[in-house]
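Going down the list, the sequences are from chains A and B.
With this note's numbering applied, the first sequence covers 6 to 156.
With this note's numbering applied, the second sequence covers 789 to 953.
Hints are computed from structural coordinates only; laboratory data are not their basis.
Please note that a few of the clues may not be correct.
Far from chain B by the CB rule (all over 10 Å, computed), these chain A residues [what the hints assert, rightly or not]:
1) 25
2) 33
3) 61
4) 63
5) 76
6) 80
7) 90
8) 99
9) 129
10) 132
Here are the simulated distance ranges between beta carbons [claimed, not checked]:
11) 77/A / 927/B: 35 to 45 Å
12) 20/A / 804/B: 19 to 29 Å
13) 926/B / 33/A: 21 to 31 Å
14) 9/A / 827/B: 22 to 32 Å
15) 102/A / 812/B: 44 to 54 Å
Think of the CB as a built atom: it goes at the ideal place given N, C-alpha and C, for glycine as much as any other residue.
Okay, here's what each chain looks like letter by letter:
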Amino acid sequence: MITQMHVKGLMFDPYNNAYIVVLRDEEHSDMLPIWVGKSEAGAISMSLENVTPPRPMTHDFMMSFLDAFNAKVISVVITDLSEHTYFSKIHLMYEDSEYTVDARPSDAIALALRSNAPVFANNSVITKQSSEELEQWLENLKPEDFGKLDS
Amino acid sequence: MDTVDQPNEQSLVEYRVDRILEEANTDTRIVVLARQDGVLDTFPIWVGAAEGNAIKLALDTMITPRPMSHDLIKSFAEHLNITIQRVVITDVKSSTYYATVHVANKGLERTIDSRPSDAIALALRAPCPIYITQDVLKRRSTTNLDAWLAKLESKDIGAPEVQET
Numbered sequence: 006m007i008t009q010m011h012v013k014g015l016m017f018d019p020y021n022n023a024y025i026v027v028l029r030d031e032e033h034s035d036m037l038p039i040w041v042g043k044s045e046a047g048a049i050s051m052s053l054e055n056v057t058p059p060r061p062m063t064h065d066f067m068m069s070f071l072d073a074f075n076a077k078v079i080s081v082v083i084t085d086l087s088e089h090t091y092f093s094k095i096h097l098m099y100e101d102s103e104y105t106v107d108a109r110p111s112d113a114i115a116l117a118l119r120s121n122a123p124v125f126a127n128n129s130v131i132t133k134q135s136s137e138e139l140e141q142w143l144e145n146l147k148p149e150d151f152g153k154l155d156s
Numbered sequence: 789m790d791t792v793d794q795p796n797e798q799s800l801v802e803y804r805v806d807r808i809l810e811e812a813n814t815d816t817r818i819v820v821l822a823r824q825d826g827v828l829d830t831f832p833i834w835v836g837a838a839e840g841n842a843i844k845l846a847l848d849t850m851i852t853p854r855p856m857s858h859d860l861i862k863s864f865a866e867h868l869n870i871t872i873q874r875v876v877i878t879d880v881k882s883s884t885y886y887a888t889v890h891v892a893n894k895g896l897e898r899t900i901d902s903r904p905s906d907a908i909a910l911a912l913r914a915p916c917p918i919y920i921t922q923d924v925l926k927r928r929s930t931t932n933l934d935a936w937l938a939k940l941e942s943k944d945i946g947a948p949e950v951q952e953t
């Protein structure tokens, strides 16, 4: 089972000098935080804020690369959480065939925002990191509690 | 690589990535390209720290546990059977370099506008050759390099590897 998630925003995590991408479901009952590096956060925030840079940034180039042959991003799915690292898949449509490509969530989300494709999360991933747990966890925040960055 | 067809393009000179220098003061990196045809020449391009790291990972043939952004582009190419043929530094305007990435699929060729950093990061992973047009070589900007070297000398940072540039 998968649930559609919306990118709600980015938070700065001063303990790790990293950023957190906050995903929420439609009912706002579930929240999924994903830690990403600074440049990855930049790629996501440019899309959220509709900033058009003077030169194509890496994910804009990525879009041009897919557009050049009319390949479309259909959806991205956050598939797994293992040892504090999130895994995701990008689903592409190209010439009537579907392709599934392994990606870091930061790349997948940056690309989904640029192609207006939906972001889904496996329910198992959300369960592993339910919002109630998150609040408690945020309250008891210790630097060593943080896992690896998404980069 | 196959012979390069360059029908309407200016003549191209092949370069390779020689090394990446760190400019700690401004958190930038300098990608030093070296000419391949026997003529002694290096061509520096200033890029951001993240962009420089993306190039360095490929230059050092580092395998990361998860695919980095340019690994993902390569993965797209592999899945969709797209060939990354070559990248070309095509223009320079106000000290900013412009590049194109040439891709092909089933006889269809496409040229994609790109920053040199993305083009080079992808070229190392493809792998495919890196070219600079004669026009850019003529009009290359030395302002940045001179300024950087002047700053370097004034601070007396003895980084021996930059002396060649």
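Here's how the hints hold up against the structure:
no.: 1; hint: 25; result: holds, 17 Å
no.: 2; hint: 33; result: holds, 29 Å
no.: 3; hint: 61; result: violated, 6 Å
no.: 4; hint: 63; result: violated, 5 Å
no.: 5; hint: 76; result: violated, 6 Å
no.: 6; hint: 80; result: holds, 15 Å
no.: 7; hint: 90; result: violated, 7 Å
no.: 8; hint: 99; result: violated, 5 Å
no.: 9; hint: 129; result: holds, 19 Å
no.: 10; hint: 132; result: holds, 22 Å
no.: 11; hint: 77/A / 927/B: 35 to 45 Å; result: holds, 38 Å
no.: 12; hint: 20/A / 804/B: 19 to 29 Å; result: violated, 41 Å
no.: 13; hint: 926/B / 33/A: 21 to 31 Å; result: violated, 59 Å
no.: 14; hint: 9/A / 827/B: 22 to 32 Å; result: violated, 57 Å
no.: 15; hint: 102/A / 812/B: 44 to 54 Å; result: holds, 47 Å
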